[in-house]
Amino acid sequence: MPEPLVFMMGKHPAPVPGDLRYCKNHMWCRPSDKQPGTLVFGFTAYAVRLMQDVYFLEWRVDAGKMVTLRQEIGFIETQKATSGLYAPVAGTVVRFNTALLNDPGTINLDSYGAGWLFELIGDAAETLDAAGYYAHLEAGWDATQRMIKGQINAGAE
Numbered sequence: 000m001p002e003p004l005v006f007m008m009g010k011h012p013a014p015v016p017g018d019l020r021y022c023k024n025h026m027w028c029r030p031s032d033k034q035p036g037t038l039v040f041g042f043t044a045y046a047v048r049l050m051q052d053v054y055f056l057e058w059r060v061d062a063g064k065m066v067t068l069r070q071e072i073g074f075i076e077t078q079k080a081t082s083g084l085y086a087p088v089a090g091t092v093v094r095f096n097t098a099l100l101n102d103p104g105t106i107n108l109d110s111y112g113a114g115w116l117f118e119l120i121g122d123a124a125e126t127l128d129a130a131g132y133y134a135h136l137e138a139g140w141d142a143t144q145r146m147i148k149g150q151i152n153a154g155a156e
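Under numbering that gives the first Met the number 0, the first residue of the sequence shown is numbered 0, with each subsequent residue one higher.
Source of the hints: derived by calculation from the structure; they are not laboratory data. Take these hints with a grain of salt, some might be off.
[Claimed, not checked] Computed Cβ-Cβ distance ranges for the label pairs, DEER-style: (1) D32 to M7: 26 to 34 Å; (2) D109 to M7: 16 to 24 Å; (3) G9 to G131: 32 to 40 Å; (4) P1 to G83: 27 to 35 Å; (5) P3 to L108: 15 to 23 Å; (6) D52 to K10: 17 to 25 Å; (7) K33 to A138: 29 to 37 Å.
[Claimed, not checked] Below, in silico cross-link-like pairs of lysine-lysine (BS3-like), each with a Cα-Cα straight-line distance of 27 Å or less: (8) K64 to K23; (9) K23 to K33; (10) K79 to K23; (11) K23 to K10; (12) K33 to K64; (13) K79 to K10.
Quick reminder that beta carbons are idealized off the backbone N, C-alpha and C, glycines included.
Taking the hints into account, I'd like the entire structure generated from these sequences.
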């Protein structure tokens, strides 16, 4: 099994488990242990740290529906913003983690476990391994810091 990595977001560590695959929209995926051919998706520690507290989650497609890459499938409200959630790969949605509709805070506490988002039958070929995702984070970190500082400065006015 590949070694886990830790991306440092300033003073804050964002674990990147070595046994998962990653999407550029900051979701992780792994094969389902319950249904062969099905992938389980959730938010990475990096995404959770940027969002901070998750308050509300809603899905805009139904289980059993086909989705295309980058299709809006729901939206999320966090301490920082409300934004759309987009399919990280094309496929058929098998099911959503309905427990998150009642308690989306689980995403904050256990994003790699009980805070998983949905299962989808699709192809993980376009996903990144841990090292590839870490490199993706490094490449975008300067721009992310500028965005964060801009939000902080705008809130201070």
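Do the hints match the structure? See the list:
Evaluation of the 26 to 34 Å hint for D32 and M7 yields a pass: the beta carbon distance comes to about 31 Å. Judged by the Cβ atoms, the range 16 to 24 Å given for D109 and M7 holds: they are separated by roughly 21 Å. Range check, G9 to G131: Cβ separation about 22 Å, and the 32 to 40 Å hint is violated. The hint said 27 to 35 Å for the Cβ distance between P1 and G83, and at roughly 31 Å that hint holds.
In this structure, P3 and L108 meet the distance hint of 15 to 23 Å, their C-beta atoms being roughly 19 Å apart. Range check, D52 to K10: Cβ separation about 19 Å, and the 17 to 25 Å hint holds. Remark: the range hint 29 to 37 Å for K33 to A138 is upheld by a beta-carbon distance near 35 Å. Distance restraint check for K64 and K23: the Cα-Cα separation of roughly 23 Å lies within the 27 Å cut-off, and the hinted pair is therefore satisfied.
Restraint check: the Cα-Cα separation between K23 and K33 comes to about 25 Å, which is no more than 27 Å; the hinted pair holds. Our distance criterion of 27 Å between C-alpha atoms is met by K79 and K23, whose separation comes to about 20 Å. Under the criterion of a C-alpha separation no larger than 27 Å, the hint pairing K23 with K10 is consistent with the structure, at around 23 Å. Restraint check: the Cα-Cα separation between K33 and K64 comes to about 20 Å, which is no more than 27 Å; the hinted pair holds.
Proposed proximity of K79 and K10 is supported: the alpha carbons are some 19 Å apart, at most 27 Å.
When each numbered hint is compared with the structure, a violation occurs for hint 3 only.
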